[in-house]
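Each chain is listed here by its residues.
2 protein chains.
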Amino acid sequence: MYRTHTCGQLRASDAGKKVTLAGWVQRSRKLGGMTFIDLRDRYGITQLVVKADAPAELVETANSLGREFVIQATGEVVERESKNAKMDTGDIEIQLDSINILNKSVTPPFTIEDNSDGGEDLRAKYRYLDLRRNPLQRALKIRHNIAIEIRNYLDSQNFMEIETPYLIKSTPEGARDFVVPSRMNPGTFYALPQSPQTFKQLLMVAGYDRYFQIVRCFRDEDLRADRQPEFTQIDCEMSFVEQEDVLNTFEGMMRTLFKKIVNVDIPNPIPRMSWYDAMDKYGSDKPDIRFGMEIHDITAQTKGFGFSVFDSAEYIGSIAVPGAASYTRKELDQLTEWVKRPQVGAKGLVYIKLNEDGTVKSSVDKFYTPEQIQAIVAAAEAKKGDLVLILCGAKRKAQTMLGVLRIEMGNRLGYRDPKVFAPLWVVDFPLFEWDDETNRFYAMHHPFTAPKPEHLDWYYSDKKEDLERVCANAYDFVLNGTELGGGSIRIHEAAMQERMFEILGITKEEADYKFGFIINAFKFGAPPHGGLAFGFDRVCALFGGQETIRDYIAFPKNNQGRDVMIDAPSQIDQVQMDELFIQSTFKPEE
Amino acid sequence: MYRTHTCGQLRASDAGKKVTLAGWVQRSRKLGGMTFIDLRDRYGITQLVVKADAPAELVETANSLGREFVIQATGEVVERESKNAKMDTGDIEIQLDSINILNKSVTPPFTIEDNSDGGEDLRAKYRYLDLRRNPLQRALKIRHNIAIEIRNYLDSQNFMEIETPYLIKSTPEGARDFVVPSRMNPGTFYALPQSPQTFKQLLMVAGYDRYFQIVRCFRDEDLRADRQPEFTQIDCEMSFVEQEDVLNTFEGMMRTLFKKIVNVDIPNPIPRMSWYDAMDKYGSDKPDIRFGMEIHDITAQTKGFGFSVFDSAEYIGSIAVPGAASYTRKELDQLTEWVKRPQVGAKGLVYIKLNEDGTVKSSVDKFYTPEQIQAIVAAAEAKKGDLVLILCGAKRKAQTMLGVLRIEMGNRLGYRDPKVFAPLWVVDFPLFEWDDETNRFYAMHHPFTAPKPEHLDWYYSDKKEDLERVCANAYDFVLNGTELGGGSIRIHEAAMQERMFEILGITKEEADYKFGFIINAFKFGAPPHGGLAFGFDRVCALFGGQETIRDYIAFPKNNQGRDVMIDAPSQIDQVQMDELFIQSTFKPEE
Chain A
1 MYRTHTCGQL RASDAGKKVT LAGWVQRSRK LGGMTFIDLR DRYGITQLVV KADAPAELVE
61 TANSLGREFV IQATGEVVER ESKNAKMDTG DIEIQLDSIN ILNKSVTPPF TIEDNSDGGE
121 DLRAKYRYLD LRRNPLQRAL KIRHNIAIEI RNYLDSQNFM EIETPYLIKS TPEGARDFVV
181 PSRMNPGTFY ALPQSPQTFK QLLMVAGYDR YFQIVRCFRD EDLRADRQPE FTQIDCEMSF
241 VEQEDVLNTF EGMMRTLFKK IVNVDIPNPI PRMSWYDAMD KYGSDKPDIR FGMEIHDITA
301 QTKGFGFSVF DSAEYIGSIA VPGAASYTRK ELDQLTEWVK RPQVGAKGLV YIKLNEDGTV
361 KSSVDKFYTP EQIQAIVAAA EAKKGDLVLI LCGAKRKAQT MLGVLRIEMG NRLGYRDPKV
421 FAPLWVVDFP LFEWDDETNR FYAMHHPFTA PKPEHLDWYY SDKKEDLERV CANAYDFVLN
481 GTELGGGSIR IHEAAMQERM FEILGITKEE ADYKFGFIIN AFKFGAPPHG GLAFGFDRVC
541 ALFGGQETIR DYIAFPKNNQ GRDVMIDAPS QIDQVQMDEL FIQSTFKPEE
Chain B
1 MYRTHTCGQL RASDAGKKVT LAGWVQRSRK LGGMTFIDLR DRYGITQLVV KADAPAELVE
61 TANSLGREFV IQATGEVVER ESKNAKMDTG DIEIQLDSIN ILNKSVTPPF TIEDNSDGGE
121 DLRAKYRYLD LRRNPLQRAL KIRHNIAIEI RNYLDSQNFM EIETPYLIKS TPEGARDFVV
181 PSRMNPGTFY ALPQSPQTFK QLLMVAGYDR YFQIVRCFRD EDLRADRQPE FTQIDCEMSF
241 VEQEDVLNTF EGMMRTLFKK IVNVDIPNPI PRMSWYDAMD KYGSDKPDIR FGMEIHDITA
301 QTKGFGFSVF DSAEYIGSIA VPGAASYTRK ELDQLTEWVK RPQVGAKGLV YIKLNEDGTV
361 KSSVDKFYTP EQIQAIVAAA EAKKGDLVLI LCGAKRKAQT MLGVLRIEMG NRLGYRDPKV
421 FAPLWVVDFP LFEWDDETNR FYAMHHPFTA PKPEHLDWYY SDKKEDLERV CANAYDFVLN
481 GTELGGGSIR IHEAAMQERM FEILGITKEE ADYKFGFIIN AFKFGAPPHG GLAFGFDRVC
541 ALFGGQETIR DYIAFPKNNQ GRDVMIDAPS QIDQVQMDEL FIQSTFKPEE
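As they're listed, the protein sequences go chains A and B.
Per my numbering, the first sequence runs over residues 1 to 590.
Per my numbering, the second sequence runs over residues 1 to 590.
Watch out, some of these pointers could steer you wrong.
Any copy will do: because identical chains look the same in the list, a pair fits if it lies in one copy or spans two.
Said to hold, decoys possible - Subject to a maximum C-alpha distance of 30 Å in a straight line, what follows is the list of computed DSBU-like cross-link-like pairs (lysine-lysine):
(1) K30 / K523
(2) K125 / K514
(3) K260 / K141
(4) K141 / K259
(5) K125 / K508
(6) K452 / K104
(7) K587 / K514
(8) K514 / K104
(9) K523 / K104
(10) K86 / K383
(11) K419 / K286
Note that these hints are calculated values from the structure, not bench results.
From just these sequences and the hints, can you work out the full model?
Listed below in structure tokens is the structure:
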């Protein structure tokens, strides 16, 4: 071993000990003949000192050290005269007898500090240097700790971690698969799993009762911001359970994580909200409930008074933004432009200012009497100083736009503190979505999701309006406006499954082709079962107080799906392609 | 929840409780008007009873149950009159009030018993049914338990589990990569990792100090027996360590596993053997030291006495097989045929029988005097009743054949009890192997493995015989004749690395092309580091007392790399190939 202690270990009580440390030179400076070196490893930073009267050779070596040199240093622990309370090792320093340069370093292309001077692209290329920075070390440490806690919790609940294969079969549905040509089976391909869904349901058929896996999944999608082509999932499934059992089990897991990782006691029980309430009040199926500013339906108070925009709208809704009555004309114009961007998609924005002096100013004054405006304000539950923002359109679409606006205003007002954690179960999703274009129902989750037991009459009804109100035995875990996970109770009875296919307009032949394998397995005694999956990268990021996942993945890909550090993907040899019986058809433009 | 207890939970102390169980019908039988049902889940089997005077409907339901039906059964726990000591729940049975059939089952194609009547292919196709059998449930449970213990041990030793990417870059060396065409980067391919070797070394450069990962690896090799195209590795790396530190750390891990998983105290310390001794005494770099029967060099006692086969051999070696002097002529002939098979590759087999009555009989009586035979027997360290088996040839080749023969005789004599665990570190591997054909040295492990510090003079010497005796700072963990893992201390100094390339005849250009990326990373302050990797599938199998890994993998591939359950790999759509800019060049023969 090159060291007796780590760089985060020594305290005043160690004074007098002879120690050897090893690590990287964070910085070194000369001060009145002495040389001070900050030595860094994963565990901390320790100050080393070479005194002015040290042997010349040692002084020379100390003064030759560059940033990021790797050294081994031996000396005596002494209590510092001027202590540094900000550092765990700030009470001591090491008076050196010797320095052994283990490795030199060329000058890194950016500073290895909490706030580096390197741009994103440069840091991505030298990811192994970026990973030396504290914020990333902390991110990966929290990831490690969360994984350990998850596994131990689930183990204590009789879950077994079972590894499922990565080389599986391409399925004709869903997102695009990554595929892998098989050399031993020419002309055929494996696919990389988008999730272990089929396998975990098979494990329930196989009697494993409680399964989990922290597992990599792959989706060949065009990458939106903060999506990765490979991502990690906490994948779980349980047998002989109802929805309540699944929610309780994973509420327990989350409670344990919050306590052990960030020492936070989350509400007990975690609040639950129906999908309908979430849409109506927050305009989102993943509401951020750290703040109110709820959406109100003000259709009754605004429609039919001669303002044609509202008169022709299905739905008119509002949010009341505290303290924003002071917005200037210019700020309101900017906000109007903001909601008109394609990402939001509103046609315009109506406002009512409730000034602190009791006066009211709105962009629709001429269409409503002061009394009518007061009625709107009352329906919007606004109070003095509030700015009421109003959008209209088709109900769910308008609510969604209001939801996006609400989050924006929440950000502007500082309501979205990453140190505050507001978990929520969203439940009672509609089982089906009707699509006007194709004139048929689609499964909102997937065609194996069970209806709620109390809605079975509607499920077996022939009426469209009955089917529309069937709720799914499905649930999402939402934290601070981000969906961290979700799942459902699965259908395990053949008759119920057949009915599902019937409603979705899937013929028996089509069902056999697409799902035959799992349907067949279910004939051999499938137990009632259900489960869920959490996005592990996102869980880690949120526990770390961040919204982006990239820093919580050691070696992420960029938005083009490239690893710029190792330069992948890349061209391969013709020999390799020949062996795999494939050929590239790509013709680069000349 | 469909149950109050599992099928493995109830004891005599629960008598009188009203309980509900859920599970699969293992078997049911009628006995004097009563119906007995064995209900099975992952946790055990509980006997259910429907009494003769139960309601007719209940009796009828009980009698309608087929094998593998999934039921929910409610009743009272009663202490049995005739207890079954073989079952954990054997003291009780449940007198039923009701049975709820949750799911029927068609008759499974084979019996779900410890010893199934299904053939291997049939069980592979219905893997989800095979997985219901006890031996497989136990196998996957032990795998889960080992993973939990490994993670907790390594966590306690400050290791961090860090996930490395699965979509990486194809490398021009080593075994064949599986590749993944990139849709977003047309004409290019990712590769699936054969191991995270590069990434774990980068994590050391990045200062993570102690890394591990239980990680899937992929190798597109022609599958030998008991190889899988995807397999799981316990991958580890440490900074600022010497070989001794790595061995101690993982000895600690193995000691913990043996104690916690199979309650065995392994020798402390685990014995170490040099590669040279392993080859000389056991004819293998992974000796099974559960038994002796060591190889002896009897060249001096056999060469030069006029027996031309021996006289022309570089090396003559023997093993003495206890009690096998009684082998008949026919048995000896069969053994001779056995060693002549291509898998062993001997040209013939010479024997000396030391009969219990003191007489000696050998196949080379006419070439040696009785005194010379006695000298051979003494050198072979044989005793009365032993059969001395002798092979000759080039030294290492003959030793290897003797090693294979030794294992075979060990099997025949029952010396290889899977409940006995004999771990061993094999150390001091040669750093280089000379190849006569290409007239150059090859790295025995890989070109980043460091020489032993005490052999540095030889390492920098120009003499072939010096280089041949340089030992690597490398080590293998061997258990019961199987290599479970191995690793090395890596080179971290530029000058030592350059010397390695020089010895291997790799030019600077070639080195840059093949390893440039990692060499470049090493310029930024690489710490001294080393590590190892264990084959997790094999670790699980050996702890479970098996030699084959297939039962320790939930969904393995067959020898053609196929998953016959899901029928993968399979053909994909032309549309999919077009999107990926690839085309299949395979033309099935007509």
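Subject >> Numbers of the earlier hints that this structure fails to satisfy, in rising order >> reply: Result: hint 10 breaks, nothing else.
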